[in-house]
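K.L.:
Residue numbers (our numbering), protein chains in the order written: chain A, 1 to 505; chain B, 1001 to 1498; chain C, 2001 to 2111; chain D, 3001 to 3242; chain E, 4001 to 4567.
These are computed hints drawn from the structure, not numbers from a lab.
There's no promise every hint is true.
If the Cβ cut is set under 10 Å, some of the chain A residues that face chain B in the computed set are [to be verified]:
{"id": "1", "residue": "V34"}
{"id": "2", "residue": "E213"}
{"id": "3", "residue": "P383"}
{"id": "4", "residue": "L425"}
None of these values were measured; they are calculated from a predicted model.
The beta-carbon is built from N, C-alpha and C at its ideal position, and this holds for glycine as well.
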Amino acid sequence: MIFLADSPSWMITPVILPLIAGLLCFLFSRRTFVIALITALINLFVACLLIYQLLVFGTIRYYIGGWRPPIGISLRTDGPALLMLLMTAVTGLAITLYARGYFSYRIADPVRGSRHQHQQRYFWPLWMLLLAGLNGLFLSGDIFNLYVTLELIGISAASLAALSGKPASQRASFRYLLISLLGSLTYLLGIVFFYRTCGVLDLGVLQNTAINEPGIRAALALLTVGLLLKTALVPLHFWLPPAHANALAPVSVILSALVVKGSFYLLFRFWFELFAPIVTTSALNFMGTLGAIAILWGGIQAIRQQRLKLMVAYSTVSQLGYLFIAFPLSRTLTGVPVWSAVIFIALTHACAKSAMFMAAGNVYLHLGHDRIRNLDGVRASLPITVFAYGIAGVSLMGLPPSGAFIAKWMLLTSSIDSSQWWWALVIMAGSLLAMVYVFRVMSHFFVIPKRESLKETTPLSPLLEWPALILALIALFLSLLAPWLLHILSQGSTGLAQLFPGGLP
Amino acid sequence: MNSGQLLLLSILLSSFIPGIIIFCLPEENHRLRTLLNLCGSIVKISLILVMNVGIYYGHVFEIRIPLIPGVELLLNGDPLSALFATLSSVLWLLTTIYAVGYLEGSPNRSHFFGYFSLCVTVTIGIALAGNLVTFLLFYEMLTLTTYPLVIHRGTEKSLRAGRNYLIYAFGGGAVFLVAVVWLQTIVGPMDFSAAGFSPSYIDSHGPVLSLIFCLLIIGVGVKAALVPLHGWLPQAMVAPAPVSALLHAVAVVKAGAFGIIRIVLDVFGAQNLLLLGVLPLLAGVATVTILYGSVRALQQDDLKKRLAYSTISQVSYIALGMSMVDQPLAVIGGLVHLVHQGLMKITLFFCAGNLAETLGIHRISEMRGVARRMPLTMAAFSIAALGMIGIPPTVGFISKWYLGLGGLAAGNWWLLLVLVVSSLLNAWYFLPILIKAWFGKQQGEWPAEIAIGRFETRLMLLVPPLVTAVIVLVAGLVANAQISPLAWVRFIVQGYTL
Amino acid sequence: MITTLLYSLTGLILFGMGLFTLIIHSHPLRKILAINVMASGVFLILIATAYTPLGQGEIDPVPHAMVLTGIVVSVSVTALALILACRVQETSNRTLRKKTKQPKNTKGPKS
Amino acid sequence: MKKGKKIKKQTRNRRRPFDGLQALFLFLVFCLITLLGAILSNSPRTVSGLAGAVASLQDQSGVESPVTAVLLNFRGYDTLLEVMVLLLAVIGVWSLAKAPFPTPETDISPVQMGVVRLLAPVMCLVAAYLVWQGSHLAGGAFQGGAILGAAGVLLLVSELPWLHAIPVYVLRIGLVLGPLVFVGTALSCLFLTGTLLAYPKGTAGWLILLIETACALSIGLTLALLFGGGRPESDVPGGDSP
Amino acid sequence: MTPVALETIIHALILSSTAGIPLIMAALCCTPLKTRVIGLLPWATVPALFVALTAPSDVVVEVGWFFMGGRMGLDGTGKIFLSLAAFVWLLASFSSRSLLKHDHNQVRFHLFFLTAMAGNFGLILAQGIFGYYLFFAMMSFAAYGLVIHKGNKEALSVGRLYLLLVMIGEVALFTALIILVHSSGSLALADVARVPYHPLTFVLLFIGFGIKIGALPFHGWVMPAYQATPPPAAAVLAGAMVNAGILGWLRFLPIGHISCPQGAMLFIVMGALAAVYGVIVGLRQKQAGAVLGGSSISQMGLITVIFGLGLFDQAAGVHAVPILTLYVVHHSLAKSSLFFGYDLIVRQGRTLSHLQLVAILLPALALAGLPFTSGAITKTGFKELALSLGEPWSGLSAFFLPLTAIATTVLMLHFVAVLRRSVKNAKADGTANPILFTLSCIAVAGTLWLWPAASNFANDSLAGIKLLQGLWPVATGCVLFLVWDRISFTTELVGDNRKRQTGFDTIICLLSRLQEKEEQKPQQERLVLFLHRLVPNLRRAEKIMGRWKVVGLSYITLCLCLLFLLL
């Protein structure tokens, strides 16, 4: 029975499988890539299967150990969760391939090959456990279990960030770890308030016992701040750029594309689903304001960076702001609920940012540095990488037909509809800033260097270039999938449906 | 998918696929690349002609791809899109031939031609766009695909130009997006249609709609280089000549102008615009642009820059025509200028490119007696320049004539003044060039002459301007015939109840 | 009830103290310790939450389980943070390398 | 250098009479704590929590201790992930540094040796007892593991030469053992009952004990290795410390 | 195909060959056949001559596809103008072929020559406004090539002036046509001309065509251009192309069908002023071509006056048309004849023989209205017209006409004197051929006497009193010339044309100020600079945000804010 496509047990695969893979990767020092690759493939397959299940049966709950809430822990699938899962699976597969290419390339380096062998040794188990944590986060329906998955993610992410062994990366990673801990503790304090007030830990049960008490509000505030720290929303973003920029290229991809999404996803669920009845408009506006500041500040900082990876990292800071812009706009009832914009931004950003960091990593591998000033002529030697970078940049800017465009469209529509035009201004300013920082680098790629200054390097393997390109293309053409994605989103997220009586698409 | 949709799709793919293949081709394989390019463009032209016949006989060509409720991609073949598509595809063929000759032996050609093909795909997409969202999609893509072309030389100067181009273009795009969204929140999702939206919205949202109109015009005005949004255009002259030709005659500037046409005719509609009373604003901007562009053109010694400012000035004729949207004659004038200006300007840029490539001439002051060295090129240049001035029987006269008549019909006497002054200014900055070239005496050596075979320059450089120049003349001479740009534009205008 | 409140408030104050130290003091070790103090504060509140006066019903075991989990997490993170701090110290100041090989206390938060 | 400077700076800060930012921060922390405290005290617990629910299901859990029931049965999934977190910490530490084990040639004082010889077995016993006791009283895998870990630390501190002879794969297997047994049990439950971690009827107690034992071993090893502060030399063949 | 259609096609072919053949020949000038084409130059006028002499009147052929609706045909007036033009072009083409045989720019010259010819013929045939405008423009622009043929500084500078005026004329005409078409709704000349006129149209038409004929404010180009142009080209400028302007007035302001007293006043005043002014400036010229230019201004002024008189009312208009035509024919023949004479004398490079002196005096004094010449006939017609208009205008015949006759006499004698002097500097090139001059003299002498329409004026002019009236101004003129000649040579008046050119040049210079402005630095640069200045601050801000204390503060603040906002 359990092997049938209808079986709800598939739901645990995205968590358990990477866990086992992580253990095996740690246990064996050889063939780790094969383990990871198989895991990533199965993960993708299962994500698709779960979506199929969702479309056929609607929301499914899975009670681990057979214990129903409030006492047990439940997993559940709904539209947003599965889309995030799918995003992670797709990006994860690409990252796995890319990491393989990356380490092969580095290990082939006669001088420093051994160090990279060491890095690869630990990369795979860390990455697999991180994947498990992320999948667990997306699927989990228990507020304390979410804390554990957050920790899983936080520790593996911090370890990954320090993996490159450079002093800068270790410093950044240390800070990242501390901030992550602070965030976790704040989150835990929130749980305490929560549990005190509600007496339950399950999200589904909590939803039904939405009490109007100060305790629950304090809990929301604490949970939010904790997650904001992990999401790196301005002004708490300071740890992100150094941590993301100094990590190894595959790690940067993981951190920027996936890890920040995890904590944001929780925020999103809390604000729009769990605590939606008690959320005040002023709080939504506050979050939106922070998002707006993030967009502008991140964009401006990205523009002035001298290093490619730092620039991409600041771009993440800026893009995260978009996720929060949707908060104050969520109350307007237009044709499509605005929160779906958040999913679109997240999906686009995951794919595009992965592609961008991969491209940046390729440039780094190729040139041995990533100083923007000296990137001249990369186009000629790395055409696919540059193309991927360009397409990813375009998606980040929110040009059609990227998924971010759809999101921007929704946000603009509702901001204009509700006469909150300032958000529209910020959104547009953000994309212009994105244009500037994307093309500032792009133009350097296109410079034809005066002399043949590029040293002869080994050509990059297709594993390094093609995942970037494919992810970038996915990001670019995401809007064409919009009807399908919206259909998935509308499935089964009962809480969301209640919140938006205006109707789901 | 019916045959009409297949046709639309293959029109787009006929340049997209060659473009992608060209990207993948090795640099040395120029034979296959040229073949691909030419085949693609010829296939495209024939497909578009088929579509034109279909449109003439009332077939419907439509592809609809819904994205989210209220947002859908719509490709639609109507007479207006056929006009722009035909223009683009024909000029693309010529420009391709020209570019093959122009870039012979220069580096990064596969890159260049790849983007070139994409650029045309996108331009055709703009032509076929059936609603504002689709238009926006291709409009932004156009910026992207032309950017690599602008900075193709890879010099510091071209990078700066590219940067400014991007800032302007994406700034415009952003404004456009906001306006589109705003419009949609008021009138709901709408396709391009002859009537525009329902006039009932005017009563409820009059001022807002006016503002939206202005924003939309600003959005497309950047590409159409309306003053004061024109700054990028002269700087973009650092690009290679085929690119300038393409930018100025076909793709970018025309896309902006086409956008104005769409907004005026198909989004708002004549009646609504009259009710809103925003047309004088458009007319004012167009007038200022026409005059300012001409005066600035006068001040340039760099040939391409002069041509660029001339473009700024000339493209606004289209806007001017659109500003009198209730007058069929003016609309005809504006629409037909879309084609006419394209033909003339591309000729001029081809010729300027020939001068630069063959003799190294970039400045007007270096052009003395150049017609003796390159008579055919300069003959083509002269025809186009006279057309720009509006001398019959070139096509330029026809546009001006209809604009003037339309202006009178609308009771705008000042419009005649604008036309007169602009013609004089045009003459003032074009005729001296002709005089220098034909009657001046060569002084010293040409800056950088390269010896080229039998003709005055490479055959591939020579043929396109001659062809376009002949079209400029013939299209003027047979303007009243059954098949001519003017006739098609009349057919378009029949479709609108103005 | 007052017991719960007392412990809870103490926990909160511990949290605050830890927070203050974490932010104000720049030495990595202090920061790590501060985090541990904060964690202890939170655990204290959790345990206090679970407290039921004798005879008034069962003691809630869930917070206890949570605290246990939290402690384990805290131990792991503390260990990682300490090693990381050492590495930072080592790599940023190679002259101090030998001095930094101090015994690393992983048991602190457990006591 | 930077760190040193910072420390100096800090000491100077302490002497300085007034730091505005610091005072502001203190004030704000105070405000926050007061606010949270007020909320805590003003909203006395009205809901009883899950005590009742746990108590009612205690029989089915297979263990007598409610905490163990929650930890390894009701919320076993949490614990599974938590074990992973511990393992993760080891992987993280190993990825960061090589173990700074002292060189084995130094002599160990007989007293120390004696203490170790005396204490280590006792600690192991205590640990085993704690694990056993976990099914009905306070205790369990973590407590047992901690004691085991302490024993490991003792061995490490005493710098026994044979510690270096332990092959690294043994360590790895030891580390992975607990999680692997846990996952394995969970999966076999899945195959047997159709649900993850749903112990077949009647076997819950034994399975929990199995898991606890394996985990205690792994936890002990983990804690000891965390104390070790880095990976063994031979973990990565040819691996060069970063 | 029906016979009617066939006939139409044949008509169309024949009519279009008048302009078509020269155009084709012009196009052939760009091919290796060019020398052969130039050899066949005079044949280009043959179709026009043939059409002018044989075509039935009032044939109108529609060529709908052409340009924006083509329509061509030949009416009575057109026939006269066409034959006149064809004749002048025929003589000029012979002359230019021989004159420029060794000129290295001859192909270019003949290219423009043929194009201008085609334009000239075409506009006469045109019955639609577009045709007229098209060929008029073609002719005007092609004439530029003739004007600057010599390529020296003077030629180029007058060329610039000419081009400027042509452009002004073009746009004026364009505007006028647009207004006309707008108010009439038709593209046919006949319809367009019958709508009520806007005053602006009058002015615009006056400007548009006035520039071609050198009407008063736009006369600046005439004298230098006639001087700079090679004589055969000058002959067609003065003898054929000028008429295009007159024909334009006749076509667009069809006197006899319309009347407009205010417009009439404009024409009369400007014409009269030009008639006097042309002589005055002509007398100050030191070069034969320029003197003839002055004469043209003056004579065209008279024609303008006639046209103005015809505008008064429809009756006068009906009366004026034949007189106007006569005057045009007379002037064209005489003026071209003078140019051919000038050409001949310059080419033969020796002093005038007596026969030549007499021969050149014939057209010269015919312009002055010497009895028994065509001038006398036209003057008679003019007087009758003036008298028929009643009081204020009949005074013209008594006072104004003799005055212009005297002035013209003086000017013509001055021309002969200048000619005699200029011959001294000329060299014979062996291409001198008296046949053309003789032919043109014969035409001057004979045409009007044989002209059926002019017969009654011819008879009138032979009346005794008329002879006397014609003679005394000429005699007075001769005396005055003798006196003036003495004075002018003692004071050595400097030729004024340079000065006037510089006058125009200053305007152009002033306008060119615009051109010389330096390129400004684009504004974007400033923005970028500003941003660069911001960068250090941004870096500092970002660093500050990364400090732990600031982080702590923002953390706490966030907590408190959210707490407050949510509570």
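K.L.:
Now look at each hint and say whether the structure bears it out.
P.N.:
So, going through the hints one by one against the coordinates:
no. : hint : verdict
1   : V34  : violated (30 Å)
2   : E213 : violated (38 Å)
3   : P383 : holds (8 Å)
4   : L425 : holds (8 Å)
Checked against the numbered hints given earlier, the structure breaks hints 1 and 2 and satisfies all the rest.
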